[in-house]
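Student: Use these hints to put chain H with the ligands onto chain U, whose structure you have.
Chain by chain, the residues run as shown.
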Amino acid sequence: MRDEWLRSDRLPHIYCAGCGNGTIINCVLEAVDQIGWEMDDTVFVSGIGCSSRAPGYILTDSLHTTHGRALAFATGVKMAKPSLHVVVFTGDGDLSAIGGNHFIHACRRNIDLTVVCMNNYIYGMTGGQGSPTTPIGKTSTTTPYGAEETPFDLAELAVAAGANYVARWTSYHVKRLTQAVIDGMNTPGFSFIEVRCQCPTSYGRRNKYRQPGDFVSYLRDSAILKEQWDRTSHLDEPPQDKFLVGEFVRRSRPVMGVPHEA
Amino acid sequence: MTRLEFMQGNIACAEGALAADCTFFAGYPITPSTEVAEHMAAKLPKRNGCFIQMEDEIASMAAIIGAAWTGVRAMTATSGPGFSLMMENIGYAVMSETPCVLVNVQRGGPSTGQPTMAAQGDMMQVRFGSHGDFSIIALSPSTVQECFELTAKAFNLADQFRCPVFVMADEVIGHMRERITIPDSVPVVRAKPLKDDMLPFAPEEDLIPGFAAFGTGRKIPVTGLTHNEKGYPDSTHPARHDSLVRRLVNKIENARHSIADYEIVNQDAEYVFVCYGSPVRTVQEVVQRAKTPGTGYLKLKIVWPFPEDLLARFPNVKAFIVPELNLGMISREIERHVCVPVISAGKIGGDLHTPDELIAIVEKLRGGGGI
Ligand SMILES: Cc1ncc(C[n+]2csc(CCOP(=O)(O)OP(=O)(O)O)c2C)c(N)n1
Ligand code: SF4
Numbered sequence: 000m001r002d003e004w005l006r007s008d009r010l011p012h013i014y015c016a017g018c019g020n021g022t023i024i025n026c027v028l029e030a031v032d033q034i035g036w037e038m039d040d041t042v043f044v045s046g047i048g049c050s051s052r053a054p055g056y057i058l059t060d061s062l063h064t065t066h067g068r069a070l071a072f073a074t075g076v077k078m079a080k081p082s083l084h085v086v087v088f089t090g091d092g093d094l095s096a097i098g099g100n101h102f103i104h105a106c107r108r109n110i111d112l113t114v115v116c117m118n119n120y121i122y123g124m125t126g127g128q129g130s131p132t133t134p135i136g137k138t139s140t141t142t143p144y145g146a147e148e149t150p151f152d153l154a155e156l157a158v159a160a161g162a163n164y165v166a167r168w169t170s171y172h173v174k175r176l177t178q179a180v181i182d183g184m185n186t187p188g189f190s191f192i193e194v195r196c197q198c199p200t201s202y203g204r205r206n207k208y209r210q211p212g213d214f215v216s217y218l219r220d221s222a223i224l225k226e227q228w229d230r231t232s233h234l235d236e237p238p239q240d241k242f243l244v245g246e247f248v249r250r251s252r253p254v255m256g257v258p259h260e261a
Numbered sequence: 000m001t002r003l004e005f006m007q008g009n010i011a012c013a014e015g016a017l018a019a020d021c022t023f024f025a026g027y028p029i030t031p032s033t034e035v036a037e038h039m040a041a042k043l044p045k046r047n048g049c050f051i052q053m054e055d056e057i058a059s060m061a062a063i064i065g066a067a068w069t070g071v072r073a074m075t076a077t078s079g080p081g082f083s084l085m086m087e088n089i090g091y092a093v094m095s096e097t098p099c100v101l102v103n104v105q106r107g108g109p110s111t112g113q114p115t116m117a118a119q120g121d122m123m124q125v126r127f128g129s130h131g132d133f134s135i136i137a138l139s140p141s142t143v144q145e146c147f148e149l150t151a152k153a154f155n156l157a158d159q160f161r162c163p164v165f166v167m168a169d170e171v172i173g174h175m176r177e178r179i180t181i182p183d184s185v186p187v188v189r190a191k192p193l194k195d196d197m198l199p200f201a202p203e204e205d206l207i208p209g210f211a212a213f214g215t216g217r218k219i220p221v222t223g224l225t226h227n228e229k230g231y232p233d234s235t236h237p238a239r240h241d242s243l244v245r246r247l248v249n250k251i252e253n254a255r256h257s258i259a260d261y262e263i264v265n266q267d268a269e270y271v272f273v274c275y276g277s278p279v280r281t282v283q284e285v286v287q288r289a290k291t292p293g294t295g296y297l298k299l300k301i302v303w304p305f306p307e308d309l310l311a312r313f314p315n316v317k318a319f320i321v322p323e324l325n326l327g328m329i330s331r332e333i334e335r336h337v338c339v340p341v342i343s344a345g346k347i348g349g350d351l352h353t354p355d356e357l358i359a360i361v362e363k364l365r366g367g368g369g370i
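The listed protein sequences derive, respectively, from chains U and H. Note that numbering that gives the first Met the number 0 gives residue 251 to position 252 of the first sequence, counting from 1, and the numbers run on in steps of one. Note that numbering that gives the first Met the number 0 gives residue 168 to position 169 of the second sequence, counting from 1, and the numbers run on in steps of one.
Just chain U, with the same shape it has in the complex (with noise of 0.2 Å):
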């Protein structure tokens, strides 16, 4: 049923072997699938990096548009024709670099937009340069010391911002993934999915998870079930090498570009 969404005459792809990505636009077709929603409504909207080519793979409209503003131009779609469901893929980099004040925005306005980061830490297209979300002593290109400065919590910020939905996955939690991505879709106003997710390539060959089964199993043994930690610790945060996963907000608060019920 997937594999009607796909481009069949665009594959093969062009991410890496053991990329992330792959997985994480699997689980968003199938919740797209699942929920019901047809391909002549639904439009995809992304930025530039290696997820934000994700939506040229699928068989839909879809916008690839300018490094960081993919929300900015999905808010024209959504806003100028509220029947459309727009699903926006995008890397912590596009997301929360240069698209930071597009997002918190995006959040504020709580437009009705599913948006899913590939948060792979890291700048994956141009090689390998940290980004907002590389963790404090990760090397990449541009930190090969070491990273100092403090990450993003990327979910963290689209609570804060008011999006109506928050979550966080990884790669490893595809099942858990896909249900967050119908349950965000399911929510009027904007909906953020965080992926955590293996970069072998330019994230991992230089910090110890040059395969992809390792990174993936980095990612597994990292995350905590936010359900658990909330109801066992009396400690705000997880340590530093550990994080959340799980729903971080449901809520309704008002919303933007839902069509109106005729």
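Hints are computed from structural coordinates only; laboratory data are not their basis. Here the structure is a predicted model, which means the values were calculated and not measured. Any given hint could be a false lead.
Stated by the list, open to error - One-sided excerpt, in silico: chain H residues whose CB lies under 10 Å from chain U:
#1 T22
#2 A61
#3 G70
#4 E87
#5 G209
#6 A212
#7 G216
#8 T222
#9 L224
#10 E228
#11 K229
#12 D260
#13 V264
Heads up, the beta-carbon is just placed ideally off N, CA and C, and yes, glycines get one too.
Tutor: Chain H with the ligands alone, transformed into the frame defined by chain U:
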């Protein structure tokens, strides 16, 4: 039944857009263009349209492109610093062949310069500001009436040529109030539809592909990368890039005669002013004055693509004089095409030329002094 109104230029731009069925506006406030946005904010919701104030000009340009792909007519308005920010996505609109309209009410620059003063300092930025080779269409109103008419026309050109189209006003025109005639309706020419058997970026004979909006089942992949006729990225073949970019340039350049919109007065003149925008008003005064016989003018309502063949319509010309609110942007364009002297009468700072300043130039030329 037309109606007469006393109206500000910026409001007339907004009214022209509304008359042309623009239903989407995204923008960010900047002097001296803000009234365009304010008027759209007041009017669009009542017409089932959408006004959205974005977080910056980059986002505004992006949003109108997104909106345009749903098939609506979309516009933004800005001035110098905002225009500079829009450049990246203006290039995207060119490459993706997205019809949209941008009103630039020009102010003094560089940088934040003179926010409340008139200039025509963005005339080269609009033509060359975005990276890569491209051609664009830029209109320039010199009356409030033209603010209305040319903005409405800009939408038709944008649809027809599938490109961003610019209304290059300036502060004087934007903030001036004049009596204008508003017609009941304006001609609306929409983009030709994408034929069933055509690929979304395959040009027809006029080098322009048909347009299909998102949501109509055509499944169009739009990208700013060099792409093939399906819309698929194909950015490493020199020939592919060459033919795509040449087509984008030629679809406009080849049509320059049909795009041109101008007025010629005193074709036998020896001293010919070439003007656009606010300076047109001073030129008209000068040419009408009995003291300055032998003068005439070419008024450009469309500056780009530059209609150079019109310069040959003055058989007796001894010199072209180009008064513009910059230090000689379009005068250099004219120099490229003629063999007679081209006198640049650039003026910056915010004041318009006075008639006497222009008459002095003519007299000096006539006295044989050259300049
Ligand atoms: C305005 C602009 N600046 C820089 C670039 C170069 N660039 C292309 S992709 C990219 C980073 C992509 O990183 P990310 O968004 O994390 O996505 P990934 O490739 O890792 O999936 C950059 C900086 C660009 N295309 N445009
Ligand atoms: S560089 Fe990284 S993110 Fe990009 S395709 Fe390769 S593995 Fe995937």
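Student: State the violated hints by number, sorted upward, taking the hints as numbered earlier in the document.
Tutor: 5, 10, 12 and 13
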